[in-house]
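Chemist: All chains, please: the whole structure from these sequences, using the hints.
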Amino acid sequence: MPFDIDLAGSLLTVLVGLPLAGALIVFLMPQSRENAAQWVAVSFSLAELCLGVLLLVRFQAYLPGYQFTQHIDWMPELGIAYRVGVDGLSVLLIVLTSLLSALVVIAAPSVREKRGAYLGCLLFLEAGMVGVFCALDLVLFYVFWEAMLIPMYLLIGIWGGERRVYAALKFVLFTAIGSLLMLAAIIYLGYRYEQQFGMPSFYLSDWSALQLGLREEVLLFGAFALAFAIKIPVVPLHSWLPDAHVEAPAGGSVILAGVLLKMGLYGLIRFCVPVFPEACAGAGPLFVVLGVIGIVFGALVAWVQDDVKKLVAYSSISHLGFCVLGFGVFNVWGLKGAMLQMLNHGISTGALFFLVGVLYDRAHSRRIADFGGLAQKMPLFAFVFLSVSLSSIALPLTNGFVGEFLILFGAYRFQPYAAVAAVSGVVLGAVYMLSAYRRLMFGDFMAPNGAQIHDLNRREKIVFVPLLALVLVIGVYPQPVLDLLRLPAQQTISQLSTEGRNPPEVNILGDEERIIEKGRN
Amino acid sequence: MTVTAFSLAVGLVLFLLGALGVLVRRNVLIVLMCLELMLNGANLSFVALAQAFGDLAGQVFVFFILAIAAAEAAVGLAIVLCVFRNYRTVDVNEAASLHG
Amino acid sequence: MNYGELNQWFLREQQWALLLILAAPLAGALFSYCTISLGPRRQMLAGWIAVCAAFVSFAVSVCFWLFLDWSAEGGAANSGVFLFPWIAAGGLHLDAALKLDSLSLTMILTVTGVGTLIHLYAIGYMAHDHSKPRFFSYFNLFLFFMLLLVLADNLGLMFVGWEGVGLCSYLLIGFWHQQMPNARAGQKAFVVNRIGDAGFLLGMFLLAAEVGSLDFDAVQDQIAYLNPWAIEAACMLLLLGAVGKSAQIPLFVWLPDAMAGPTPVSALIHAATMVTAGVYMIVRLSPLYNAAPAVQFIILALGSLTALLAASIALVQYDIKKVLAYSTVSQLGYMFMALGAGAYSYAMFHLVTHAFFKGLLFMAAGAVITGCRHEQDMRRFGGLWSPMWGTFIAYLAGTYAIAGLPLGSGAYSKEAILWAVYTAPDTAAGLTLFNLVSWGGLFWGIGLAVAFLTACYMTRSLVLTFFGSYRGEGEASESSATMLVAMAVLIPPAMFFGHSRGIPLLESLRPWARQDLLLSQSELMRDDLYRALEHIALFAAGAGVVLMLLAYSIGRGFMMRLGNCIPERINPLCCKWWVDELYEYLIVRPLAFTARVLFFAVDRKLIDRSIDLSAEIAGASGQMLGLLHTGRIGHYLLIMLAGLFFGAAFWLVF
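Residue numbers (my numbering), protein chains in the order written: chain A, 1 to 521; chain B, 1 to 100; chain C, 1 to 654.
Since the hints were made in silico from the structure, they are not lab data.
Quick caveat, the model's predicted, so the values are computed rather than measured.
Hints may be right or wrong, so weigh each one.
[Stated by the list, open to error] The following residues of chain A were derived to be distant from chain C, with all beta-carbon distances above 10 Å:
#, residue
1, 35
2, 56
3, 65
4, 150
5, 172
6, 196
7, 210
8, 300
9, 427
10, 455
11, 456
[To be verified] Footprint (simulated), chain C over chain B, 3 or more residues, beta carbon under 8 Å:
#, stretch
12, 11-25
13, 84-97
From the three backbone atoms N, C-alpha and C, an ideal C-beta is built for every residue, glycine too.
Modeler: Written out as structure tokens, the structure is:
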């Protein structure tokens with residue numbers, strides 16, 4: 001059917017374009033028509049979600065390579081093209097993006113000021129995020145990557161809390177420093193490609209044929225990895241995250257934690273591994289160490305927070321530490337776990353930020369010490385909070401367990417001590433999450449003066465139902481998701497071991513020396 | 001001393017007098033007049049050198065400079081007017097909003 | 001349909017039946033929660049739904065017991081069902097698959113049987129509570145996870161149940177969450193269990209890495225090919241999980257605090273079933289543990305030390321539930337001793353009898369507590385035998401059984417364990433202590449002392465609660481009918497299970513018995529050593545009972561003086577051997593301090609400050625350069641001219 005081919009060819013473009021069109025319409029609507037803008041935004045984001053699900057359904061998990069690819073020349077003389085395509089990982093992340101965006105848009109009426117512009121920013125952001133997850137041309141990727149910064153900057157800077165300007169600036173500066181280095185590396189790689197092959201290209205698949213000197217490769221990898229590490233964030237580079245999360249409006253935090261943080265790891269897997277296999281393999285142990293540090297550091301620091309939003313922010317650092325660990329071990333369990341955990345973290349931490357938003361909406365406070373005994377007045381809220389917390393601390397039958405289990409097993413196969421250190425995160429996770437839960441929900445009822453404490457309203461219920469359903473479904477029957485991730489994980493590993501000239505498993509000792517070793521034994 | 005040398009010397013003196021005025025005077029109008037003085041010093045040098053080398057280009061430059069000087073005087077006076085409106089003074093040191 | 005046809009039909013449909021065992025409590029949990037939308041009076045329905053769900057599971061379990069042939073000499077019957085692959089990645093397969101053999105059958109019969117009764121009891125106990133739907137929903141959910149734990153055919157699925165029961169325990173300990181101490185106790189239970197679970201996880205990873213599978217059968221088949229070091233390490237790590245769940249040293253601290261939950265919870269979860277999960281897990285992996293003698297020795301040592309420590313603390317507790325809680329820890333120590341001695345079937349035997357009598361004791365204690373207006377301090381009880389004689393009989397029966405007096409079930413299982421410990425093969429390479437007594441003998445001695453102490457503290461609690469004169473305020477009244485019925489049903493098994501069904505139980509658990517202990521009852525009776533040990537144990541128990549009876553009748557003054565001669569503050573028993581304080585000062589506070597240092601010093605001061613500082617340096621240098629911009633045209637011109645001059649000079653010179 002011609003329609004089928006057409007659809008398959010341009011579905012991704014439609015996915016990018018639809019929210020962009022929605023954003024334009026919403027921006028152009030007069031400020032006074034906020035409710036109309038809300039309806040437009042909701043319908044666009046729901047349509048986007050439907051298309052995302054369509055993508056998921058039509059995607060064939062057992063076929064290697066990218067699907068739904070589209071190629072349009074953009075600046076042919078520079079080798080820059082509009083190239084999009086998805087594999088299992090990007091499909092999951094696109095669906096996650098469209099789901100969280102739709103939920104944030106649905107929850108938008110809790111924003112009181114300039115709601116039209118807020119919705120416009122969200123839709124624009126959604127277009128950027130979907131673009132990042134399906135771009136296969138490095139310049140195109142960079143364009144989406146940077147385009148996404150603008151609405152996020154506005155979301156924090158306009159609709160944020162008291163220190164919003166500081167937080168927004170910090171967020172943008174951190175990200176920009178990393179991404180400028182990445183831009184330099186992209187341009188250099190394009191130049192090298194033209195040198196080696198006589199024609200310019202910024203296409204990812206072309207680049208894996210690049211021959212780079214070791215020093216060159218390490219430096220370029222460093223530039224890419226720094227940009228991604230800031231975004232993840234890896235521990236010493238994380239200090240933008242708590243501020244950005246605390247100051248951002250609830251919806252912004254959801255998107256920030258749910259989707260934006262995934263881009264760092266996504267970038268590492270999608271771009272760094274095929275282009276710099278050797279440097280990646282060499283940096284594996286470094287990622288393992290950074291991941292473990294992140295897990296323990298994030299968990300311990302989350303424990304002493306008094307601001308519940310900050311607590312969730314630091315818990316994000318801990319969870320992303322698990323992802324980094326799973327990435328760094330470079331075996332199929334770790335990678336699959338890391339990819340799954342990216343999805344899981346989006347669901348559970350997204351839900352946690354929604355919950356904090358609900359609380360802030362009622363009481364205009366985020367201090368844990370201001371609250372107590374909320375379970376008496378808000379039983380449904382307490383139930384949802386508990387379920388999400390359990391997913392966050394990786395209780396079996398919730399989605400979090402499957403991911404953490406695979407990551408920890410991968411870490412164990414890589415180096416048992418890494419697993420021993422990381423498993424402390426499982427204990428500490430229970431400590432900080434449950435003690436926050438206890439302080440908020442149990443004991444005598446307490447809330448700040450003037451707070452109007454009532455249970456979840458209908459709009460909020462609509463937001464939480466899909467998230468809770470995903471928590472349970474992925475926890476009980478994760479196999480379909482794992483099937484989607486099978487090929488991306490295998491592909492990453494094969495890139496590391498065959499394209500790298502020094503695959504990680506091979507003993508560094510030459511054959512002769514090994515024989516001597518054996519003789520000695 | 002040839003005519004050329006004398007004219008160049010006068011031009012230099014005019015230019016330096018103008019520059020000194022621009023540097024030390026605080027009244028914008030006088031600063032503008034000193035600017036004219038500098039331009040005319042330059043003009044005199046152009047004319048003298050054109051005469052000496054028998055090249056008309058120097059004299060053409062003078063016409064351009066005259067035109068630009070007129071335009072500059074017009075724009076400059078307009079700016080002075082604005083400055084006066086905003087600051088109630090024509091003292092250049094008072095209008096120092098751009099200081100670091 | 002006659003019996004034979006029914007049997008055939010059941011055998012055909014046994015997979016569905018196995019699923020039904022799990023599905024009933026899960027459905028019960030959902031439906032009983034749904035009653036929350038009903039009015040407060042009709043919420044009692046939740047309790048009955050939960051009881052029915054538990055009873056369905058029990059009935060199906062009984063059918064399995066009746067219709068399948070468990071006594072087969074060669075290969076005992078077993079049943080299994082494969083549901084779906086749960087997690088499969090890179091050669092590691094965890095399936096949602098169930099397995100029923102005589103071991104898990106023993107366990108599910110106990111869990112569902114005692115569970116049904118305690119559900120019934122809970123209807124009476126929770127009659128005046130306002131959150132019945134929530135309670136019964138959690139209660140049924142607990143049953144589901146417990147059955148999942150027992151029926152799992154691989155370690156991964158067992159871990160699901162393992163953590164699931166931990167979750168329900170957390171929810172139910174903190175059930176009355178308006179009181180912060182309850183919520184705190186729940187959190188403590190969860191976190192302490194999580195420490196054990198971390199060990200469980202690592203043990204699973206080790207086994208999965210070495211064996212390539214977590215199926216119990218696969219693990220068992222591979223033992224011969226495994227590195228001995230790996231076996232010891234895996235056993236040790238899994239033991240950490242068991243120690244957490246079954247409240248042994250060093251992770252027993254959560255169980256006494258867990259008594260903050262409603263009494264039915266203490267009876268079912270923190271006495272009869274969940275806390276025995278660690279024991280069950282080790283029995284399930286017994287082939288592995290048999291190959292790890294060093295770990296077996298550690299289990300033996302941990303078990304006996306825990307039994308002694310907990311029994312000693314139980315001696316001085318005044319909270320009736322705390323006495324029972326420490327008693328539970330102590331009895332679990334017995335089970336661990338049996339595990340360490342390799343006598344897994346005896347551990348299961350004691351597990352079953354303990355479930356009966358401890359469940360009974362807790363139910364009776366709960367009846368006393370509700371009868372006395374939620375008073376738990378035994379100093380305010382006394383003389384309760386006449387107003388609540390039904391409860392008294394139940395408590396008496398439980399005490400009789402747990403103290404190990406003749407013919408009570410506790411006597412049989414306890415004596416079996418002591419015998420197994422005494423005859424345990426010398427695990428520490430034949431070493432004997434000071435060349436006088438073998439390790440087995442030493443641990444037997446500890447076990448004997450614990451038996452004596454058990455008789456002592458149980459008699460003490462019985463005397464303080466039911467004899468003498470009433471020291472509380474108001475009238476004490478008997479509990480409701482459902483509670484009494486539940487207790488009445490449990491009295492016979494608690495008293496006579498060991499005598500009547502002990503042998504068949506041990507027969508069906510033959511694959512888990514220690515080879516040298518496979519003696520028939522008649523052989524045992526002729527065994528001089530066994531009879532000697534039996535008599536010594538009975539004597540110790542009797543001595544404990546008599547001593548306490550004397551102490552609390554004639555020797556009252558002496559007891560008072562004894563109690564007063566050491567102030568409570570420095571009495572190691574009253575201070576529970578300072579274990580909680582040890583944790584507080586050695587782990588919790590240093591960790592909290594580290595967290596604070598990490599946040600305030602490292603995160604805020606070091607990382608964030610240095611980043612702000614770099615921004616400030618950039619800003620400050622901008623400010624400095626800004627000083628050049630005076631806003632005075634003269635200055636600009638001067639700089640311009642100077643630049644022109646120097647530029648020209650530079651150009652001319654060079």
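Chemist: Would you mind marking each hint as holding or not holding in the structure?
Modeler: Now the hints, each set against the structure:
no.: 1; hint: 35; result: holds (32 Å)
no.: 2; hint: 56; result: holds (20 Å)
no.: 3; hint: 65; result: holds (21 Å)
no.: 4; hint: 150; result: holds (21 Å)
no.: 5; hint: 172; result: holds (12 Å)
no.: 6; hint: 196; result: holds (35 Å)
no.: 7; hint: 210; result: holds (29 Å)
no.: 8; hint: 300; result: violated (4 Å)
no.: 9; hint: 427; result: violated (5 Å)
no.: 10; hint: 455; result: holds (13 Å)
no.: 11; hint: 456; result: holds (15 Å)
no.: 12; hint: 11-25; result: holds (count 4)
no.: 13; hint: 84-97; result: holds (count 5)
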